[in-house]
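Peer 1: Since chain A is already given, all that's left is putting chain B on it; use the hints.
One line per chain: the protein sequences are A and B, in this order. For the first sequence, counting from 1, position 58 maps to 58 in the working numbering; every step adds exactly one. For the second sequence, counting from 1, position 68 maps to 457 in the working numbering; every step adds exactly one.
These aren't lab readings, by the way, just hints derived from the structure by calculation. Just to be clear, a hint being listed does not mean it is correct.
[Said to hold, decoys possible] Straight-line distance between alpha carbons at most 27 Å, and here's what the computed DSS-like set of lysine-lysine pairs gives:
#, chain 1, residue 1, chain 2, residue 2
1, B, Lys396, B, Lys438
2, A, Lys145, A, Lys96
3, A, Lys289, B, Lys578
4, A, Lys40, B, Lys396
5, A, Lys285, A, Lys257
6, A, Lys123, A, Lys289
7, B, Lys578, A, Lys285
8, B, Lys596, B, Lys623
9, A, Lys285, B, Lys575
10, A, Lys275, B, Lys438
11, A, Lys275, B, Lys575
12, A, Lys275, B, Lys578
This one's a predicted model, so the numbers in the text were calculated from it and none came from an experiment.
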Amino acid sequence: MWLKNNPRPDYNYQKDISGCGLAGIIHRQRKLIPGSEIVKSINLMNDRGNGLGSGFAAYGIYPEYKDYYAFHIMYGERADIEGVERFIRENYEVAKIERIPHYHVSSIVFHPRLRRYFVRPKKDRPDREVAELSDDDFVVRTVMKINVEENGAYVFSSGKNMGAFKGVGFPKDIAEFYGINEYEAYIWTGHNRFPTNTPGWWGGAHPFTLLDWSIVHNGEISSYGINKRYLEMFGYRCTLMTDTEVMAYLFDLLIRKHHLSIETACMALAAPFWKDIERLPEEEKMALKSLRMVYGSALVNGPFAILFAHSKGLVGLNDRIKLRPLVAAEKGPLLYMASEESAIREICSNPERVWSPRAGYPVIAWLEEEGTGITAELASISEGASLRL
Amino acid sequence: MKNGRAKINASGIYYRELNRMIREAIAAGEQEIELIGVNGQRYIADGIKQKVMIIIDGVPGNDLSAFMDGPTVIVNANAQDGVGNTMNDGKVIIHGDAGDVIGYGMRGGKVFIKGNVGYRVGIHMKSYKDQVPVIIVGGKAVDFFGEYMAGGILILLGLTCPNNQSIVGNYLGTGMHGGQIFVRGKVEKHQLGAEVGIQEIGPQDHKLIEPLLREYCEDFNLDYNESMSRPFIKLVPVSHRPYGRLYAY
Chain A
1 MWLKNNPRPD YNYQKDISGC GLAGIIHRQR KLIPGSEIVK SINLMNDRGN GLGSGFAAYG
61 IYPEYKDYYA FHIMYGERAD IEGVERFIRE NYEVAKIERI PHYHVSSIVF HPRLRRYFVR
121 PKKDRPDREV AELSDDDFVV RTVMKINVEE NGAYVFSSGK NMGAFKGVGF PKDIAEFYGI
181 NEYEAYIWTG HNRFPTNTPG WWGGAHPFTL LDWSIVHNGE ISSYGINKRY LEMFGYRCTL
241 MTDTEVMAYL FDLLIRKHHL SIETACMALA APFWKDIERL PEEEKMALKS LRMVYGSALV
301 NGPFAILFAH SKGLVGLNDR IKLRPLVAAE KGPLLYMASE ESAIREICSN PERVWSPRAG
361 YPVIAWLEEE GTGITAELAS ISEGASLRL
Chain B
390 MKNGRAKINA SGIYYRELNR MIREAIAAGE QEIELIGVNG QRYIADGIKQ KVMIIIDGVP
450 GNDLSAFMDG PTVIVNANAQ DGVGNTMNDG KVIIHGDAGD VIGYGMRGGK VFIKGNVGYR
510 VGIHMKSYKD QVPVIIVGGK AVDFFGEYMA GGILILLGLT CPNNQSIVGN YLGTGMHGGQ
570 IFVRGKVEKH QLGAEVGIQE IGPQDHKLIE PLLREYCEDF NLDYNESMSR PFIKLVPVSH
630 RPYGRLYAY
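Isolated chain A, as found in the complex:
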């Protein structure tokens, strides 16, 4: 019963020094990087967490099922599985169902039941009678439905050819538990959690994901209430009791549904200050004012450093006044980002360039993609160098 839906524990709220750790790597030419690299990097910052949450996101790990959505679902009780699987079989073409491989780790005394499903929405699924949802939209609906309605079941990963692995423990324990070293990916993110305002539970560990989007975050989102209510108007439901969840859904809404570019979406979340907008040429001023007005409820207030991965690349972003650390480094086709420079040097001793991204300006790295218009040149790293849209 411990993974029941929407538990509202009456816990004693005590503020502690926050200090989560983040690490991310992308190989822009899609060369696979062993999981041991991200584990080494995040592990160096072990003291940034307190054992109450850790996780990893990996892209390019399911090439044999790359056209299927990979659902990672955690269940509290055996009885919680049945309803979810009935729904999945009714609505999805199922290529494979299996237990997410995991191993005994002495420090992890109990864990949810973990299963993964490689699925594709059926063409003739029952909702077709009333809805013309795209596959992506149907998957989002499914995730929200399971997380809200199904007792003790949470979808914590739902993208294609990617997966999130997370739980309660220190990074090295969670890495060992899921056998992260056995996976190879061209984008990795890792998180070491130090929960401050919300409970440390399996669903609340980072990354937070939806479809291909995944977020790891250090900080706290003071605008959580506003962001959550805004997202609810578009059918997103926040069930994981951690503020970061809103960012995953905001990126899905702004980029996938509203077709904003990543730069513009970042600018809505970490909007330039009004006083800086005032100094801009008329056209840019108008554009940014409009963006802030339209997306006022998507503004993410409070301290944050995030790594935001997706099927085409990796993004690093800070709050507008840099209240959380973030360092980036580059070596050939590899881009590294982390809370501390040492975490990068642990796996890349001689980077060509090391820098601290400017507050509020995203660092954007694209994967090279053959035949899709993203060339090697475009696959470079950009850093929003001006306030331009």
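Peer 2: This is chain B only, laid out in the frame that chain A set:
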């Protein structure tokens, strides 16, 4: 001299163990301690009072030289966040960049950085009588340089920047109510915090910064004349109690 020097291989050693080894070496009378293979170990040289020299190879972790009260620390790499936190005496020489909140609440001693620094450098540093902390940055700084500064001296040189480029971010000296900031270059009004005013520097100021810059240039083997090749401006608080009226009902 052979004795008085110790070399510690810090590679893969947890910070607690490393700091214990450093303290043991000092207790054993070592004057110079060289740390090799450092990567991310926190709290190095924290609270140490003896006037030893600690040379660091690799990137030290956060809060380097916090509460430090005497040693000279040389970093032959970049440094992370929180260098010189509440430092009381001694000197830190960084041959690379440094991160955010350098010299937080610093109350004495010197922090010299060859490269760039992050946000909130010199936040709430303070001085008392002849205890005057000094931070000199050779490269650029970003926002909140000298935030809530209560005393001491901050010097920003921008040596690697072209003449027309701004070497500091916004909110410069926000909440400043004591101390002095010297910037080698221009600062636009919109970059300033509400609590500071710009002054041109006079002979008194030259007398104050000249020996400091000579010492800085010597430490990094730089040309002193180059460091003085552009005009400085000086920022001072307009009030020593900027918020005195804010809460006075």
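Peer 1: Evaluate each hint against the coordinates.
Peer 2: Outcome of the hint check:
no.	hint	in the structure
1	B:Lys396 <-> B:Lys438	20 Å, holds
2	A:Lys145 <-> A:Lys96	21 Å, holds
3	A:Lys289 <-> B:Lys578	23 Å, holds
4	A:Lys40 <-> B:Lys396	26 Å, holds
5	A:Lys285 <-> A:Lys257	25 Å, holds
6	A:Lys123 <-> A:Lys289	42 Å, violated
7	B:Lys578 <-> A:Lys285	20 Å, holds
8	B:Lys596 <-> B:Lys623	14 Å, holds
9	A:Lys285 <-> B:Lys575	25 Å, holds
10	A:Lys275 <-> B:Lys438	46 Å, violated
11	A:Lys275 <-> B:Lys575	20 Å, holds
12	A:Lys275 <-> B:Lys578	12 Å, holds
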